[in-house]
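Protein sequences, first through last, are from chains A and B.
Position 166 of the first sequence, counting from 1, maps to 166 under the UniProt record's numbering, and the rest follow consecutively.
Position 170 of the second sequence, counting from 1, maps to 170 under the UniProt record's numbering, and the rest follow consecutively.
In short, the hints are calculated from the structure, not lab data.
Only a predicted model underlies this, so the values are computations on that prediction, with no experimental measurement involved.
Mixed in with the good hints there might be a few duds.
If you want a taste of the chain A side facing chain B, the calculated C-beta under 7 Å gives, among others [stated by the list, open to error]:
| no. | residue |
| --- | --- |
| 1 | Ala19 |
| 2 | Tyr27 |
| 3 | Leu28 |
| 4 | Thr97 |
| 5 | Ser112 |
| 6 | Glu178 |
| 7 | Ile254 |
| 8 | Ala272 |
With a cut-off of at most 27 Å between alpha-carbon atoms, the simulated DSSO-like pairs for lysine-lysine come out as follows [as the list claims (entries may be wrong)]:
| no. | chain 1 | residue 1 | chain 2 | residue 2 |
| --- | --- | --- | --- | --- |
| 9 | B | Lys7 | B | Lys290 |
| 10 | A | Lys262 | B | Lys103 |
| 11 | A | Lys262 | B | Lys76 |
Note that the Cβ used here is the ideal one computed from N, Cα and C, for glycine as well.
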Amino acid sequence: MRLRRSSSLFITLFLCVGAVISFFPIYLAIINSVKTQGEMFTSFMAFPTKLHFENYSQAFDKINLLNSTLNSVIVSLIGIGGIVFCAALAGYKLSRTGGKLSGLIFFLFIASMLVPFHSIMIPLTRMAKNLHVSGSTYGLAIIYIGLGVNMAIFLYHGFVKSIPRELEEAARIDGCGEFQTFFRIIFPLLLPITVTIAILDFLWIWNDFLLPLLMLTDSTKYTLILSTNTLFGEYNKEWSLILAALVLTALPVILIYSFFQKFIMQGIAEGAIKG
Amino acid sequence: MPVTSYKKYISLLAFVAPAFIFYTLFLLIPTIGGMFYSFTDWNGLNKDYSFIALGNFIEALREDTDFVNSLLFTLKYVLFMVVLQNVFALVLAVFIESKVRTKGFFRTIFFMPNMISTIISAFMWTFVFSQVLPQIAEKTAFTFLDQLWIGDPQVSFYSIIIVSLWNGVGYMMIIYLAALQGVPQSLKEAAVIDGATPFQSFRSVTMPMITHAITICFFLTLNGAFKVFEVVYGLTGGGPGRSTQVITMNIYEEAFSNNFRYGYASAKSVILFVIILIFTFIQISVMKRKEVEA
Numbered sequence: 001m002r003l004r005r006s007s008s009l010f011i012t013l014f015l016c017v018g019a020v021i022s023f024f025p026i027y028l029a030i031i032n033s034v035k036t037q038g039e040m041f042t043s044f045m046a047f048p049t050k051l052h053f054e055n056y057s058q059a060f061d062k063i064n065l066l067n068s069t070l071n072s073v074i075v076s077l078i079g080i081g082g083i084v085f086c087a088a089l090a091g092y093k094l095s096r097t098g099g100k101l102s103g104l105i106f107f108l109f110i111a112s113m114l115v116p117f118h119s120i121m122i123p124l125t126r127m128a129k130n131l132h133v134s135g136s137t138y139g140l141a142i143i144y145i146g147l148g149v150n151m152a153i154f155l156y157h158g159f160v161k162s163i164p165r166e167l168e169e170a171a172r173i174d175g176c177g178e179f180q181t182f183f184r185i186i187f188p189l190l191l192p193i194t195v196t197i198a199i200l201d202f203l204w205i206w207n208d209f210l211l212p213l214l215m216l217t218d219s220t221k222y223t224l225i226l227s228t229n230t231l232f233g234e235y236n237k238e239w240s241l242i243l244a245a246l247v248l249t250a251l252p253v254i255l256i257y258s259f260f261q262k263f264i265m266q267g268i269a270e271g272a273i274k275g
Numbered sequence: 001m002p003v004t005s006y007k008k009y010i011s012l013l014a015f016v017a018p019a020f021i022f023y024t025l026f027l028l029i030p031t032i033g034g035m036f037y038s039f040t041d042w043n044g045l046n047k048d049y050s051f052i053a054l055g056n057f058i059e060a061l062r063e064d065t066d067f068v069n070s071l072l073f074t075l076k077y078v079l080f081m082v083v084l085q086n087v088f089a090l091v092l093a094v095f096i097e098s099k100v101r102t103k104g105f106f107r108t109i110f111f112m113p114n115m116i117s118t119i120i121s122a123f124m125w126t127f128v129f130s131q132v133l134p135q136i137a138e139k140t141a142f143t144f145l146d147q148l149w150i151g152d153p154q155v156s157f158y159s160i161i162i163v164s165l166w167n168g169v170g171y172m173m174i175i176y177l178a179a180l181q182g183v184p185q186s187l188k189e190a191a192v193i194d195g196a197t198p199f200q201s202f203r204s205v206t207m208p209m210i211t212h213a214i215t216i217c218f219f220l221t222l223n224g225a226f227k228v229f230e231v232v233y234g235l236t237g238g239g240p241g242r243s244t245q246v247i248t249m250n251i252y253e254e255a256f257s258n259n260f261r262y263g264y265a266s267a268k269s270v271i272l273f274v275i276i277l278i279f280t281f282i283q284i285s286v287m288k289r290k291e292v293e294a
């Protein structure tokens, strides 16, 4: 009993120290983002005496917050929508169709999941230039569809097996065409895995840095992450400004996280188990 | 009969076409293109290039000390990350799982850093390393905190590890937690009744039940670690000098900022691909064998 109590105490202590480390940088960023540069350098740890929100208004302008958030939203929505639409169709049909051709196509999709992004980034930038999709928000979104469908197809392919074929046969007898059957009967049943895919892709696309860096040149097209990156390069000594920008950038995801926490964790666990 | 199979192909193609078009343009062709360019001396601008067979690969591995150093640095990083990330994630998951009342709180806190983009995490930590820690050292007795965290090649490796762990452990922890929740409570209770210590019950009951998750987490951490870019880019930029340059950064520089040697950079990225394939193959086959044993 003594041993159990002391080991439980150790576990609690370990978790608390871990929690402090986990939250420490975020906490520091927040409290120092409302201090003046001078107040900051007297003590980074101290609580602010007066709230200086001018850092925020300055950062708001410098990272062009509304515009770059809008860009991130557009890229994420189109990217996720496109991935879900294309992959649900393909994953469903590949799962239902036997034969060599569908096996080969499925293999192509799956095998490409092992290709690291860095191995294709050079020819990909060429391809984007040739197709005139580089430098545009929509073009960026379309590229995400190409990079994301393989994993989504894999998840849909596995999930479809759990849906009884009888449902489609019944719909067919009732006079539904193939696409009608898919959109009316099958797609709604795919909702759980669609949520998982949407979450995983949102985290990936919203937080991605390298692809926007390669594709976008015009700062009005920048995503939120990319805008903040440029700011960090330009003003790397003005910490109060930088920190305000970092908080502004991290805030949307953390807000979304606190609303959809349960789904996000479930989505990650499911994605990993199925993947 | 031929009519139905013809129809079957048409409908297959109709369903697969949208995905396949995007996939072909932005993944399949670039993959094949990258492999093709890796055998050429293409500079990315000219129309002309010539085939130089394995020339790029030989140059990268034999003469390019920067590349070989970045490769070795990445391997060291991979080793540290695969071990530490899995150990921390598993320990956290087991500890959290044992706390009934505060489970949700700790899970939320430990996962939160993962929500923040890697590059933003790196900037936050740049502030902590360059400003906060030296000041704490100055004001307290913790003088060891006064390091050149991102300016000293010896130390900055560990700084990179710290930020990577901070950012990434939560994700693996969630996967381990999900696996732990799948272990039947009755089995653990049976082990306790049979007189097993918590450690024994973990080793003989829990571990075999979560080997699947261990395989997956090792796969994810291994793959992720080889592809590390943002943390290093945001924290040290590969410096001081090239002391913390990782392989992806070396490729990026070769292609986009230094030399515009597309063919040569492509060869380097093929090398990265092959290395990841080999390591993944070994890891999966070793661990799958373990899974069967359990």
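Requested in this report: Return the numbers of the hints above that this structure violates; sort them in rising order.
Outcome: 2, 9, 11
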